[in-house]
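Q: Could you put together the complete structure from these sequences and hints?
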Amino acid sequence: MTGRRPARPRPRRAREPATSQALAWVVDACAARKAADGVVLDLRNLSDAADYFVIVSGTSDTHVRAIAEHVLETLAQHAMKAHHIEGLAGGRWVLLDFFDFVVHVFHPSLREFYQLEGLWSDAPRRVISPLGTL
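Just so you know, the numbering used here puts 28 at position 40 of the sequence shown, and the rest follows in order with no gaps.
Calculated directly from the structure, the hints in this document are not laboratory data.
Just to be clear, a hint being listed does not mean it is correct.
Listed next, with one range per pair, are the computed distances between beta-carbon atoms [stated by the list, open to error]: (1) ARG80 with ASN33: 28 to 36 angstroms; (2) GLU100 with HIS66: 29 to 37 angstroms; (3) GLN103 with GLY78: 15 to 23 angstroms; (4) ARG114 with LYS22: 27 to 35 angstroms.
Ideal Cβ placement from N, Cα and C applies to all residues, glycine included.
A: Next up, the structure:
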């Protein structure tokens, strides 16, 4: 006998939903708040920063904030919390970082200025339909 006690099973953490399911919730939340020009960029083979970028536009600062807040509320209902949030108070560009994916909600003028889609032009992309499907 070695004197070791039998190993106890480790408590299981609540499983986070698969990224594809979480992205579907984000897309639906954006569509519910009438986000415009939505696109999902697949960065898995291009960057270690995140697997996906979700990029959408609002029509005003208030609209940008409303979209971002609805995404946060929707994912909170599924026990997902953003690890980092930037720009929510200003409403010109809101960044919601969920580690595996990052949601960017832009005012149209800032989206045109920063051109994230151009920066990641080699990333496979899926357009989000106005009905919330990819």
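Q: For a quick check of understanding: which of the numbered hints are violated here, in increasing order?
A: Number 4 - this is the single hint that the structure violates.
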